[in-house]
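Novice: Going down the list, the sequences are from chains S and V.
Heads up, the first sequence is in full-length UniProt numbering, so the first residue is 1 and it goes up one at a time.
Heads up, the second sequence is in full-length UniProt numbering, so the first residue is 1 and it goes up one at a time.
Among the clues, some could well be false.
[What the hints assert, rightly or not] Derived DEER-like restraints, expressed as beta-carbon distance ranges:
#1 V:Thr60 to S:Ser7: 46 to 54 Å
#2 V:Glu62 to S:Pro65: 42 to 50 Å
#3 V:Cys63 to S:Tyr112: 18 to 26 Å
#4 S:Arg25 to V:Thr98: 20 to 28 Å
#5 V:Leu7 to S:Tyr112: 21 to 29 Å
#6 S:Ser99 to V:Asp99: 40 to 48 Å
#7 V:Pro66 to S:Thr97: 37 to 45 Å
#8 S:Thr47 to V:Gly57: 37 to 45 Å
Simulated from the structure, these hints should not be mistaken for laboratory data.
Beta carbons are placed, not taken as given, at the ideal position from N, Cα and C, and that holds for glycine.
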Amino acid sequence: MTSLKDSSPLTTHVLNTGDGLPAARMALSLHRLDPQLVLWSLITVGTTDSDGRCPGLISREAFTPGLYKMRFETGQYWESLGQTCFHPYVEVVFSITESDQRYHLPLLFSRYSYSTYKGS
Amino acid sequence: MDMTSPLPSPLTTHVLNTGMGVPGAGMALSLHRLDPVTSAWSLITAGTTNDDGRCPGLITRECFTPGVYKIRFESGQYWEGLGETCFYPYIEIVFNITDAAQKFHVPLLLSRFSYSTYRGS
Numbered sequence: 001m002t003s004l005k006d007s008s009p010l011t012t013h014v015l016n017t018g019d020g021l022p023a024a025r026m027a028l029s030l031h032r033l034d035p036q037l038v039l040w041s042l043i044t045v046g047t048t049d050s051d052g053r054c055p056g057l058i059s060r061e062a063f064t065p066g067l068y069k070m071r072f073e074t075g076q077y078w079e080s081l082g083q084t085c086f087h088p089y090v091e092v093v094f095s096i097t098e099s100d101q102r103y104h105l106p107l108l109f110s111r112y113s114y115s116t117y118k119g120s
Numbered sequence: 001m002d003m004t005s006p007l008p009s010p011l012t013t014h015v016l017n018t019g020m021g022v023p024g025a026g027m028a029l030s031l032h033r034l035d036p037v038t039s040a041w042s043l044i045t046a047g048t049t050n051d052d053g054r055c056p057g058l059i060t061r062e063c064f065t066p067g068v069y070k071i072r073f074e075s076g077q078y079w080e081g082l083g084e085t086c087f088y089p090y091i092e093i094v095f096n097i098t099d100a101a102q103k104f105h106v107p108l109l110l111s112r113f114s115y116s117t118y119r120g121s
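Excised from the complex, chain S in its bound form (with noise of 0.2 Å):
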């Protein structure tokens, strides 16, 4: 059964490695590089629920091939948490050449790691 919560053909989920937990309440944003003015555009902001989810991060309709940055606010994150971090945030940029598939993009974390990988 196909779930509805979501139709964001981008989605991620963040991870916090160091506690074995969904990372809550991470902010977070989309942008996309403007070729032309080599410039970054602000798609979305958002926070991550308690699931280390954020839904809706951008419609199917404004998902075009190109250049797009997630940007995590690690260093935030682990403030909150009276830590500190190694990163101060996490920034992955990462080429759509074919807009139709759909795209996962995880975040696991820890103070001084991280990792990201293309999923499904």
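Based on these hints, arrange chain V on the given structure of chain S.
Specialist: What follows is chain V alone, placed relative to chain S:
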């Protein structure tokens, strides 16, 4: 004891191509420091990884002051040189140095569709 060789950089990196199980050799990268007053990035060093995926001499102990730094890895160019596409046209790892007297190792483990980094030693 060799008195002429420079002291090793307090900041090092190591690029590993996990997709192919080899060091990430010949990858262009650059180190930048954030100017806290202007919020602009200043280029410190530009280099290319050697056959072992390393890039010695990133910064001197004297220049390595506390602050926010970033290493930019030209991942797209790297994979293009191998005849492949990459999901990430470039990778920037931004990190915070509070105690510049320590040594910091910032590796990058990279495939065409994933990457990871950590603070190592």
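Novice: Compare the structure with each hint and give your call.
Specialist: Here is what the structure says about each hint:
1. For Thr60 of chain V and Ser7 of chain S, the Cβ-Cβ distance of about 52 Å falls inside the hinted range of 46 to 54 Å, so the restraint holds.
2. Hint check: Glu62 of chain V to Pro65 of chain S, Cβ distance near 46 Å, so the stated range 42 to 50 Å holds.
3. Checked against the hint of 18 to 26 Å, the pair Cys63 of chain V and Tyr112 of chain S passes, with Cβ atoms roughly 23 Å apart.
4. At roughly 25 Å, the beta carbons of Arg25 of chain S and Thr98 of chain V sit within the given window of 20 to 28 Å.
5. Taking the beta carbon of each, Leu7 of chain V and Tyr112 of chain S are about 25 Å apart, inside 21 to 29 Å as hinted.
6. Separated by about 44 Å at the C-beta atoms, Ser99 of chain S and Asp99 of chain V satisfy the suggested range of 40 to 48 Å.
7. Between Pro66 of chain V and Thr97 of chain S the beta carbons are some 41 Å apart, a value that agrees with the proposed interval 37 to 45 Å.
8. Between Thr47 of chain S and Gly57 of chain V the Cβ separation comes to about 41 Å, which falls inside the hinted range of 37 to 45 Å.
Every hint from the earlier list agrees with this structure, and none is contradicted.
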